[in-house]
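All the letters of the sequence shown, read from the start, carry residue numbers 0 to 108 under numbering that gives the first Met the number 0.
There's no promise every hint is true.
To be verified - For each label pair, taking beta carbons as the anchor points, the in silico distance ranges come out as:
| no. | residue 1 | residue 2 | range |
| --- | --- | --- | --- |
| 1 | 67 | 33 | 20 to 28 Å |
| 2 | 101 | 24 | 20 to 28 Å |
| 3 | 80 | 16 | 38 to 46 Å |
| 4 | 12 | 67 | 31 to 39 Å |
| 5 | 88 | 14 | 20 to 28 Å |
The hints are simulated quantities; they were obtained by calculation from the structure and are not laboratory data. Cβ atoms here follow ideal geometry from the backbone N, Cα and C, with glycine treated the same way.
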Amino acid sequence: MIQTIRSVILPYFSTFEDIPTACELMTRLNIPGIYVVDLLDFLMCFSDQLSTRMAAVNYLDRRPELKPFYAQMFERFARNGIPDYPLYPPPEALAAASIVYQFGDLLDG
Numbered sequence: 000m001i002q003t004i005r006s007v008i009l010p011y012f013s014t015f016e017d018i019p020t021a022c023e024l025m026t027r028l029n030i031p032g033i034y035v036v037d038l039l040d041f042l043m044c045f046s047d048q049l050s051t052r053m054a055a056v057n058y059l060d061r062r063p064e065l066k067p068f069y070a071q072m073f074e075r076f077a078r079n080g081i082p083d084y085p086l087y088p089p090p091e092a093l094a095a096a097s098i099v100y101q102f103g104d105l106l107d108g
């Protein structure tokens, strides 16, 4: 158990000791254990809008099967507003974040 903490958990948390490096990694890579909306919130706090948008685009590029649902939700939320219920599926959450953070449509490059 102690060896697992030393070899897996501590190195994972050490990623976040250097905020600029963590932001750069989060923009490019999938960080295990971080929900996409939490990732975007972190980046909006500690990085900039362009980098945060790039992280969202990269997330969809790594999961192309989510793009049609994202497109549907983005159009719906842009037309009708973001609903009051929790948005858990990543495509819904990304569509809402695209509007709230003023990213525009992530599929437009």
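For each hint, the structure was consulted:
1. 67 <-> 33: 20 to 28 Å: holds (24 Å)
2. 101 <-> 24: 20 to 28 Å: holds (24 Å)
3. 80 <-> 16: 38 to 46 Å: Holds, since residue 80 and residue 16 (Cβ atoms, about 39 Å apart) stay within the stated range.
4. 12 <-> 67: 31 to 39 Å: holds (36 Å)
5. 88 <-> 14: 20 to 28 Å: With Cβ atoms ~26 Å apart, the hint holds.
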